[in-house]
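Trainee: Take a look at the letters that make up each chain.
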Amino acid sequence: MKITLNVWRQSSPEAAGSFVKYDVDGVSADMSMLEMLDVLNDRLESKGEAPIAFDHDCREGICGSCGFMINGVAHGPEKEITVCQTHMRSFKDGDELTLEPWRAMAFPVMRDLMVDRSAFDRIIQAGGYVSVRTGSAPEANATPVMKEHADMAFEAAACIGCGACVAACPNAAAMLFTSAKVSHLGLLPQGEPERDKRAIDMVAQMDKEGFGHCSNHGECEAVCPKGISVNFIARMNRDLLKATLRSSR
Amino acid sequence: MSWLQSLYASTIGKKAVMAITGLIIFGFTLGHMAGNLLAFFGEDTFNTYAATLKGNPPLLWGTRLLLLTVIPLHFLTAFQLIKRSNDARPATYSKWQPQRSTYASRTIRFGGIYLLGFILYHLAHYTLFLTNPEFGGYHDAQGRHDAFRMVVEGFSNPVNVAVYLVAMLSLVFHLSHGAWSMFQSMGLNHPKYNQLRERAAWTLAIVLTVGFSSVPIAVLTGVVHR
Numbered sequence: 001m002k003i004t005l006n007v008w009r010q011s012s013p014e015a016a017g018s019f020v021k022y023d024v025d026g027v028s029a030d031m032s033m034l035e036m037l038d039v040l041n042d043r044l045e046s047k048g049e050a051p052i053a054f055d056h057d058c059r060e061g062i063c064g065s066c067g068f069m070i071n072g073v074a075h076g077p078e079k080e081i082t083v084c085q086t087h088m089r090s091f092k093d094g095d096e097l098t099l100e101p102w103r104a105m106a107f108p109v110m111r112d113l114m115v116d117r118s119a120f121d122r123i124i125q126a127g128g129y130v131s132v133r134t135g136s137a138p139e140a141n142a143t144p145v146m147k148e149h150a151d152m153a154f155e156a157a158a159c160i161g162c163g164a165c166v167a168a169c170p171n172a173a174a175m176l177f178t179s180a181k182v183s184h185l186g187l188l189p190q191g192e193p194e195r196d197k198r199a200i201d202m203v204a205q206m207d208k209e210g211f212g213h214c215s216n217h218g219e220c221e222a223v224c225p226k227g228i229s230v231n232f233i234a235r236m237n238r239d240l241l242k243a244t245l246r247s248s249r
Numbered sequence: 250m251s252w253l254q255s256l257y258a259s260t261i262g263k264k265a266v267m268a269i270t271g272l273i274i275f276g277f278t279l280g281h282m283a284g285n286l287l288a289f290f291g292e293d294t295f296n297t298y299a300a301t302l303k304g305n306p307p308l309l310w311g312t313r314l315l316l317l318t319v320i321p322l323h324f325l326t327a328f329q330l331i332k333r334s335n336d337a338r339p340a341t342y343s344k345w346q347p348q349r350s351t352y353a354s355r356t357i358r359f360g361g362i363y364l365l366g367f368i369l370y371h372l373a374h375y376t377l378f379l380t381n382p383e384f385g386g387y388h389d390a391q392g393r394h395d396a397f398r399m400v401v402e403g404f405s406n407p408v409n410v411a412v413y414l415v416a417m418l419s420l421v422f423h424l425s426h427g428a429w430s431m432f433q434s435m436g437l438n439h440p441k442y443n444q445l446r447e448r449a450a451w452t453l454a455i456v457l458t459v460g461f462s463s464v465p466i467a468v469l470t471g472v473v474h475r
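So the sequence lines, in the order shown, correspond to chains A and B.
Quick note: the first sequence, position 161, residue 161 per our numbering, numbers continuous.
Quick note: the second sequence, position 1, residue 250 per our numbering, numbers continuous.
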């Protein structure tokens, strides 16, 4: 396969970037998007050019490191997978692909397709601690958890923090990410004591980072590699409004 | 009250304000539309309705004060949110493909801006008589303000009808997204009722638009006449 790429090249956070066109020959349909970029980078390096920088780690779709826009869609055309699991068989010979980094004020571009997502870490840190009994391990079935809640908590916990929700949102909102993090502890009895404080503090940090608001477009859910539902956003809204009304602060 | 200030400062608090003010405006428009439909029952019924409203100052001014509070708040909050959204993505994508968002959700702000302009024109037209000062001087046989004549004359002008119908078209899209979105913003979400929210939003949006549009169309086509 021959693929033409328009890749965003930016040498540093301060530098102005632009799109650069690359023709990549000999692409196998079995290559992943990142393997295709590895091949291109080898060729670029052999010519003495700087390779295209992109984040990656597990390449199994579970770590949340990779991610960029492929033709205007976060993580590319396939549903519920990351770019590392997007294979070239999803495209045709002769296709032209535009690769662009996540764009958000809170996600500054570090280089090429890499963005700084530490805003997400600060939102998680703002969530604080969970009160648990330390010492000997409690009996596993001592705390009953409703099956529906356990399933929902698990769905929320599946968030890998890749940032696709922010990238796809027309408002660059981090509502899906934050709501998944708020809900995955808020749905379990272990997270209950700090539930109100956690919702207030995490939303405050999310706003402080400069993310936008939710317009209920649903773009985030459509590109989430873990298929996390916007129902969690409503749950966070409910948690925040209730917490604000009843908290002592 | 600092908790209220910090709630309003938050994106979720602002969306709650959008939802609550939107719901109040929505409720008013339903009542307004029902009143408008009385034009089909003729001059006497319509003018009696208008005189009843004007003859009840607590109802009239209560509604006016409520709307004078919530409509500016709805727009002010919307503008703050739009600014926030623009600031959140200073560099836009060279290419962006919508996956799930709808025409209605993406154009809600533009429909809202048109509706703001329309509301101001509508007030100048039929409430403050700025565009047509003669409207204030119309009286029927019983000496009441002849609101019916005002409506018939106003909508005999095709330009007025066109401006009105475009506003109603904006309203159907604005509400088809806004009227279910407000539940989501207030955290009212349940798999059993989620589909109902969206269907109810579309149904009510269409009922409102058809109801409102029927009067100017009926006047222009001569179905409603003096």
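Simulated from the structure, these hints should not be mistaken for lab results.
Check each hint, because a few of them may be wrong.
[As the list claims (entries may be wrong)] With a Cα cut of at most 20 Å, we get these calculated SDA-like pairs of lysine to any residue:
hint, chain 1, residue 1, chain 2, residue 2
1, B, Lys344, A, Asn6
2, A, Lys92, A, Glu35
3, A, Lys197, B, Met435
4, A, Lys208, B, Lys441
5, A, Lys147, B, Arg358
6, B, Lys303, B, Pro321
7, A, Lys21, A, Val73
8, A, Lys197, B, Ser350
9, A, Lys21, B, His439
10, A, Lys242, B, Glu292
11, A, Lys197, B, Gln254
12, B, Lys441, A, Glu96
13, A, Lys208, B, Leu437
14, A, Lys242, B, Val266
15, A, Lys92, A, Leu34
16, A, Lys242, B, Ser350
17, A, Lys208, B, Phe328
18, B, Lys344, A, Glu35
19, B, Lys344, A, Glu96
20, A, Lys47, A, Gly72
21, A, Lys197, B, Leu253
22, A, Lys2, A, Val132
23, B, Lys332, A, Pro170
24, A, Lys226, B, Ser350
25, A, Lys208, B, Thr452
26, B, Lys344, A, Lys208
27, A, Lys208, B, Trp345
28, A, Lys21, A, Asn41
Everything numeric in this text was worked out from a predicted model, so none of it was measured.
Trainee: Take the hints in turn and mark each one as holding or not.
Mentor: Hint-by-hint comparison with the structure:
1. B:Lys344 with A:Asn6: 11 Å, holds
2. A:Lys92 with A:Glu35: 17 Å, holds
3. A:Lys197 with B:Met435: Roughly 19 Å separates the two Cα atoms, so the pair holds.
4. A:Lys208 with B:Lys441: 34 Å, violated
5. A:Lys147 with B:Arg358: 41 Å, violated
6. B:Lys303 with B:Pro321: Violated - the C-alpha atoms of Pro321 (chain B) and Lys303 (chain B) are around 23 Å apart, more than 20 Å.
7. A:Lys21 with A:Val73: 19 Å, holds
8. A:Lys197 with B:Ser350: Given pair Lys197 (chain A), Ser350 (chain B) is violated - Cα atoms ~32 Å apart, limit 20 Å.
9. A:Lys21 with B:His439: 47 Å, violated
10. A:Lys242 with B:Glu292: 50 Å, violated
11. A:Lys197 with B:Gln254: Given that 20 Å is the threshold and the Cα spacing comes to 17 Å, the pair holds.
12. B:Lys441 with A:Glu96: Between Lys441 (chain B) and Glu96 (chain A) the Cα gap is close to 43 Å, so the pair fails against 20 Å, i.e. violated.
13. A:Lys208 with B:Leu437: Since the Cα atoms of Lys208 (chain A) and Leu437 (chain B) sit roughly 25 Å apart, the hinted pair is violated (cutoff 20 Å).
14. A:Lys242 with B:Val266: 15 Å, holds
15. A:Lys92 with A:Leu34: Since the Cα atoms of Lys92 (chain A) and Leu34 (chain A) sit roughly 17 Å apart, the hinted pair holds (cutoff 20 Å).
16. A:Lys242 with B:Ser350: 28 Å, violated
17. A:Lys208 with B:Phe328: Holds, at about 19 Å.
18. B:Lys344 with A:Glu35: Roughly 23 Å between the alpha carbons, so the hint for Lys344 (chain B) and Glu35 (chain A) is violated.
19. B:Lys344 with A:Glu96: 13 Å, holds
20. A:Lys47 with A:Gly72: 29 Å, violated
21. A:Lys197 with B:Leu253: Distance of about 16 Å is within 20 Å: holds.
22. A:Lys2 with A:Val132: Between Lys2 (chain A) and Val132 (chain A) the Cα gap is close to 55 Å, so the pair fails against 20 Å, i.e. violated.
23. B:Lys332 with A:Pro170: Between Lys332 (chain B) and Pro170 (chain A) the Cα gap is close to 13 Å, so the pair holds against 20 Å.
24. A:Lys226 with B:Ser350: It holds: about 19 Å lies between the C-alpha atoms, which stays within 20 Å.
25. A:Lys208 with B:Thr452: Violated, at about 38 Å.
26. B:Lys344 with A:Lys208: Given pair Lys344 (chain B), Lys208 (chain A) is violated - Cα atoms ~28 Å apart, limit 20 Å.
27. A:Lys208 with B:Trp345: Given that 20 Å is the threshold and the Cα spacing comes to 26 Å, the pair is violated.
28. A:Lys21 with A:Asn41: At roughly 13 Å apart (the allowed maximum being 20 Å), Asn41 (chain A) and Lys21 (chain A) satisfy the hint.
Taken one by one, the earlier hints fail for this structure at numbers 4, 5, 6, 8, 9, 10, 12, 13, 16, 18, 20, 22, 25, 26 and 27, listed in ascending order.
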